[in-house]
Every structure is written in C-alpha cells, then in structure tokens.
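Using the hints, position chain B against chain A.
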Amino acid sequence: MNQLFSLIWFTLKEVAFQRIYKILLFSLIIIPWLLLIPTSLFMLDMGKVFMDMLFTALHAWLTAYLFFLAVPLLVRDVEQGICSIFLTLPMSRGLYLWGRFIGVISSIVPLLLCYIISAVAAFFWAESSWPNYVLPDSGLSFCYGSMLILMPYLALAAVLFLIAAGASGSAEITLFLFSVWLICWALPPVLDALQNIEVAESTPAWTGMLLYGINQLLPDLSSSQISLSLAHQLPLHPTSVFAYCIQHVTYAVLALIAASMVFKRRDLS
Amino acid sequence: MPCLLLLLLRWSSNGVTLADMIIRLALIAALIAAIGWGRSNTPPRQEFLPLTTSQWSENHALWHRAWAGPVPAFAADMAVLNIFNIYAQATATPAENREPWWSALKYQLRLGQDMDPYFRDIYRLTEGLLAYEAQDMQEAINILSLSEPYLNSSDPLLVAAFIAHQELKNDVLAIPLAIKAADKPDASPLAVGFASSLIKGQSGCRAALAFLNSRLGSVPEKYQQGIVRRIRKLQEGEECREEIQGLL
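Read top to bottom, the protein sequences are chains A and B. Note that numbering that gives the first Met the number 0 numbers the first sequence so that position 17 is 16, with each residue one more than the last. Note that numbering that gives the first Met the number 0 numbers the second sequence so that position 66 is 65, with each residue one more than the last.
Calculated directly from the structure, the hints in this document are not laboratory data. Quick caveat, the model's predicted, so the values are computed rather than measured. Virtual Cβ for every residue (Gly too), placed ideally from N, Cα, C. Any given hint could be a false lead.
[Said to hold, decoys possible] Ranges of calculated distance between the beta carbons of each label pair, as one might list FRET restraints:
{"#": "1", "chain 1": "B", "residue 1": "R23", "chain 2": "A", "residue 2": "L139", "range": "56 to 66 Å"}
{"#": "2", "chain 1": "B", "residue 1": "I21", "chain 2": "A", "residue 2": "I116", "range": "50 to 60 Å"}
{"#": "3", "chain 1": "A", "residue 1": "P37", "chain 2": "B", "residue 2": "L167", "range": "33 to 43 Å"}
[What the hints assert, rightly or not] Far from chain A, by Cβ distances over 10 Å, these chain B residues were calculated:
{"#": "4", "residue": "I21"}
{"#": "5", "residue": "P49"}
{"#": "6", "residue": "N58"}
{"#": "7", "residue": "L61"}
{"#": "8", "residue": "R64"}
{"#": "9", "residue": "D76"}
{"#": "10", "residue": "Y86"}
{"#": "11", "residue": "A91"}
{"#": "12", "residue": "P93"}
{"#": "13", "residue": "R119"}
{"#": "14", "residue": "L124"}
{"#": "15", "residue": "P175"}
{"#": "16", "residue": "Q201"}
{"#": "17", "residue": "S202"}
{"#": "18", "residue": "C204"}
{"#": "19", "residue": "Q224"}
[What the hints assert, rightly or not] Here's a subset of chain B near chain A, in silico, CB distances under 8 Å, partners left out:
{"#": "20", "residue": "W36"}
{"#": "21", "residue": "A65"}
{"#": "22", "residue": "I178"}
So here's chain A without its partners, still in its complex pose (with noise of 0.2 Å):
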C-alpha cells in the first residue's frame, strides 16, 4: 500500500511541477473573470449564460488536462520505459497502473478547487452587479455542477489507460483517444434525437442499432441534461444523479481492470 501512496504521490508531483499544470492553474483563476466579459451581452438569463461559459470551458480544460498532460505522462512511461524503473521495486504492473489512475486524476482536484474557487467569486460579483438576472445560490448549482461533470472524465481517463496498456506510442494513443473523445462527445445526443420521430423515419434502423451498440460500449460523456437543468436551477432527481455517478465510477474502475489485464500480458523489453 505505501508503494500505492508512493506513486499517487510521485505522479501528482511529476505532473504539477510541469510549466504547463502552471499555465492551467493560473488560466484557470483568470478565465471565470474573463467570461464575465461575453456574459454581459446578454438580456435576461445572464446568470444562466455565465454558467454555460464555466460548464463549456471545464470541459475544455478538462479534455486539454487529458491530452497535454496526462497522454504525455503515459507516453513518457511507454516509450522511455519509465514504467520499468518502477515495476523493478517491485511493484506489480495492476498496482502501478492503479497508481498512476489514481495520481493522473488526484491533480485534477488542485486545478478544479481553484476554478470553482474563482468561479463562485465571480458568481458573487455577478449577482451583486445584475441582482434581477442571475439566480441566487447560482455559484452552489455551478459547484455542484462541476463535481458532475468531473464523473464522465474519471471513465474517459480510465479509457485512456485501457488504450495506453496496449498501444505502442504517441501517436497510437492520441488517435485512440482522440476517437473516443469525439464519439462520447457527439453520439449521446444524437441518440436521444434519434427517439424524434421524424428524424428515426429519416433513418435507416441499423444505424439507430449501430449507433446504440457503440454507445453501450463507451462512457456517456453526455451531461447535457444536467448543465442545462442546473443553469436554469430546475431540480435534478437523486436516483438519477446518483445512477450517473454509479455509471461514470463502475465504468472507470472496470476500464482500469481491463487495462490491467492488457497491461500485465505486454511485453516490455
């Protein structure tokens, strides 16, 4: 288990010491206060419009955080084998990966303290500046709202690992990825128009079937439904918040099994 805490420990230091977790960080402070700026051209729901701006820009940093910092952590362990100096402790190759999933998302949560931290500050200068359009407790629903959307990027992340088990380098992963990426982007969405009637008469019936049998096998990157409902403070359902995180987590955990699995049978020499 110390060995575990070691390179939690070790990862989050190697990927924060880095000129570029810096840059984030201090984006991150900066851009809530930046997004004031459009929000303001807005009529009535400007509340609502500032959070859209925070929910799109988290999942901006939260993509760019998996591509420029944690593909080329994993890169760096695959390509220079750094990983061998740590399974030469020993450490079995399951804990090692478990460790570097663990440490990968761990730096997430300096990077996400500071944005709500900020955010909820702007969120207070917002109400105070135009008190009839932005909702009160909007900075709590945008707190709340960002633990969700973080759920979706724990699977995403865990995916990552699973195609990093097997890849041979850079560009491998980063495609894989990257593929990923954009079919949990778009596909969700595409399946609840698909329920239209008029579009499904549109549409030939495999690729309804095609499109659903993709999307079992991915992680639902869609939290669209819940961004919209809390900008707009309706109430979001326990059981169904509760069954998304479930989702998200159990998704995570069996991607990181299966990478495992692939991970233990690769040959490192």
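Same frame as chain A, now just chain B:
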C-alpha cells in the same frame, strides 16, 4: 509585431554586416506593410452574405446536437450572439437586400430554441426582431408558442396571442394562445384580461365571464383582485348587461 521585430533584430545581429542588417530590416518593413495592406483591403463583413439561409429541419437539429455534445445550452448562447451579429449586418444592408439576413435570423432563433428551450433571451429576441423587424409574424408565433412546456412565464404566449390578434387579425389562432398564457402559474392580470377580451370579442360576454371565473381559482391570490375587478367591470358594462339580460 514590435516584439517580433526586436526578436528578428536580435537574431540577425549575430555576426552580420550593416548592409545585411539594412536589407533584412527593409524586408521586414515590406512584410509588415504587406500585412497592413492586406488587412485594409479585405472586404468588411457587411459585404458577405450570412452563412446559413436554409430552412430549419429536424436533421439540422441532429447535426447541431452532435456538434454541441454535452453543452447544448452554450450552443444556444452562441446562437444569441449570432443573432446580434445578423441584426447588425441586416440593419447595415439596404432594406430590399435584407431577406437572406432575416432567413439566417430565423434559423438561429430555431437553433437557440431547440438547444435550450428554457432560454428566455431567445423568446425575447423572437418577439423583438423576428416579429417586428423581419415582419415574419407567423414564424414568431410558432417559436413563441414552443415555450409552453418549458417556461412558467406567461409572457411569450401572451406576446404570441397579441401578435396573432393585432398583426395577423386572426383571433382563431390568438384565443388558444391567450388561454394557454392565462393558464401559466405566474399569469398576470394582463394575460387573463387580454384572454377574456379576446373571448368576449369572439364568443360574447358570457363566455368571457365564464373564462374569468374559471381563472379565479387557479391564479395566485395576489392576482385575483385584478380578475375580480374585470368580472365586475364586464358585468356592469352596458354591452354585457344587454347580452346577459337578452339571454335571460
């Protein structure tokens, strides 16, 4: 640009002659001048046509939802910003050439409503720009009436009813919209009064009084006084008294 110039100067000052440096400076000055010329001679945006002038359809909605992914509300915000731009371009264009801009405006309003049906700015822009600037009353009524399942506010439906009554002179369309507006949880006395006056014009005083009495129980207490006053006013009115007495 000055930073780039300094960087180039510093880089070029390592072991080069004065003549070389002058040539390089001249080259840099020529490049900067070319950029400036290019920028000043690029046609302004007003001269372009809008990107989308096609009709909104469910297939378009499908693609936009796929593009927006988990942030459809942000796509609605972008549609509103596009509407501001389209309106600015339209007003800068001669009146006879504005049709493509109004088509684009309609498309963006449909897009915004589809992406975030709770977004009040979309309905406000529909009534302000689509109905009274683009003069597309029917489409404005269609978009405003889409607010019914999503908003507690009676405003969009009331405006839709008003446009149908005032601009299209179509009370058959206006009355159901006005009744729906009066049915909203926060329906104001204005919405209830407008609906009752439409019903009175179409079906007479008894129907209007029946409607007002039916509203009494369903509107918040603070709004009931206005309805009671309107019932009394109708009952005391010459026209209504005659109609009710005639029926008796």
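These are the hints, each one checked on the structure:
{"no.": "1", "hint": "R23(B) / L139(A): 56 to 66 Å", "in the structure": "holds (59 Å)"}
{"no.": "2", "hint": "I21(B) / I116(A): 50 to 60 Å", "in the structure": "holds (54 Å)"}
{"no.": "3", "hint": "P37(A) / L167(B): 33 to 43 Å", "in the structure": "holds (36 Å)"}
{"no.": "4", "hint": "I21", "in the structure": "holds (38 Å)"}
{"no.": "5", "hint": "P49", "in the structure": "holds (19 Å)"}
{"no.": "6", "hint": "N58", "in the structure": "violated (7 Å)"}
{"no.": "7", "hint": "L61", "in the structure": "violated (5 Å)"}
{"no.": "8", "hint": "R64", "in the structure": "violated (4 Å)"}
{"no.": "9", "hint": "D76", "in the structure": "violated (5 Å)"}
{"no.": "10", "hint": "Y86", "in the structure": "holds (13 Å)"}
{"no.": "11", "hint": "A91", "in the structure": "holds (19 Å)"}
{"no.": "12", "hint": "P93", "in the structure": "holds (27 Å)"}
{"no.": "13", "hint": "R119", "in the structure": "violated (4 Å)"}
{"no.": "14", "hint": "L124", "in the structure": "violated (8 Å)"}
{"no.": "15", "hint": "P175", "in the structure": "holds (23 Å)"}
{"no.": "16", "hint": "Q201", "in the structure": "holds (32 Å)"}
{"no.": "17", "hint": "S202", "in the structure": "holds (35 Å)"}
{"no.": "18", "hint": "C204", "in the structure": "holds (37 Å)"}
{"no.": "19", "hint": "Q224", "in the structure": "holds (25 Å)"}
{"no.": "20", "hint": "W36", "in the structure": "violated (31 Å)"}
{"no.": "21", "hint": "A65", "in the structure": "holds (4 Å)"}
{"no.": "22", "hint": "I178", "in the structure": "violated (25 Å)"}
Against the hints set out earlier in the document, violations occur for numbers 6, 7, 8, 9, 13, 14, 20 and 22.
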